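Chains as they are written, first to last, in my numbering: chain A, 1 to 106; chain B, 107 to 325.
Since the hints were made in silico from the structure, they are not lab data. Do not take every clue at face value.
Said to hold, decoys possible - Simulated DEER-style distance windows between Cβ atoms: (1) B:Leu114 with A:Pro55: 28 to 38 Å; (2) B:Asp228 with A:Val74: 17 to 27 Å; (3) B:Asp203 with A:Pro55: 16 to 26 Å.
Owing to the predicted nature of the structure, the values given are computational and were not obtained by experimental measurement. By construction, the Cβ of each residue, glycine as well, lies at the ideal position given by its N, Cα and C atoms.
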Amino acid sequence: MSQVADRPFWEQISVQQFLGSVNWDNVAQKPTVRSSSVLDFDDIPDFQRPDPNAPLSLSLTISQFMTAVNWDGVAMMEVSTPSITTSNPKPDRESTFTLNDFSDMF
Amino acid sequence: MISVADLLVQPRIPGHYYSSQSYVQGDLEMGLLENRRGDRLLAIPSPLIEAIYSGLLKETGQATGLVLFNCGRWWGKNFYTRFRDEVTDYYEKPLVDMSMAEFLHCLKDCWATYGWGMMEFDQTHHQRGFIILRTTHSAFANSAPSDYEATACSLEAGVLSAFFSQLVGRDLHTVQTTCESLGGSCNTFIVGTRKRLEAIEPMLEKRESHDAIMTALCA
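Full structure from sequences and hints, please.
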């Protein structure tokens, strides 16, 4: 595996990716900086992405894909949003800090 | 997927292993059929499948589907072993490390070359714990008796059940919801855990629609 990792980037991509990236028609392209974040996003398996209902990527390995299937149908954890209350909140200690309290500090 | 480095270095670039043109070999004059590794293949004529159905119906009646399913389970275990060995040897990587795209390509080709029909893979309900498989041109559905009132691909359901159980490493079950023999456009199979699929057995007996069954399963 380390040998593969040591190879240049172009040697690690598929033929399709490589040939597809060749600028055959010599079309002027905007200068882009190849950021690692773009590559990283493509490498993130879909089951780790925010939308769990998104189709799983077929580029996953079988073990990753089959592990990502929710076989037991366990309900997805809902993120509980804090309820917004319209009633006046109970004044905490800081909001009741008076001038007398301030003077007592000295 | 073939990498550029492999293209330059590897002496052999693997193609479609289960391509029917290269997978099925043998000597027609001798009546021998072999796969590309030299393993013997057995061709089953349609009259034999028809005879299996009629014989089972006379001997076991309504249990015909169950008998065929259990036969399929046994067959599926051997099918998985053969599939895994062939694919691993040919592509030189463990089956579970193959990408899903490569795996599905192999499985669909294999299914077609073995004469079991065309297969589609649907992962729409993966988050609910189910995988849907659809097949067409099934020899078993085509050879079922006209008065066979249940879904006719129990043997294939058993094969898929054993295959995915071993692939996933869990005890998975497969049920069939539509069948070409009952006028359906395809044969639809749901792969999931046994406990969850057994809950909809009454719906299967009433032959409720695939959509209704999926709605109940995903409720």
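Hints, one by one, checked against the model:
no., hint, result
1, B:Leu114 with A:Pro55: 28 to 38 Å, "holds, 34 Å"
2, B:Asp228 with A:Val74: 17 to 27 Å, "holds, 21 Å"
3, B:Asp203 with A:Pro55: 16 to 26 Å, "holds, 21 Å"
Checked against the numbered hints given earlier, this structure breaks none of them.
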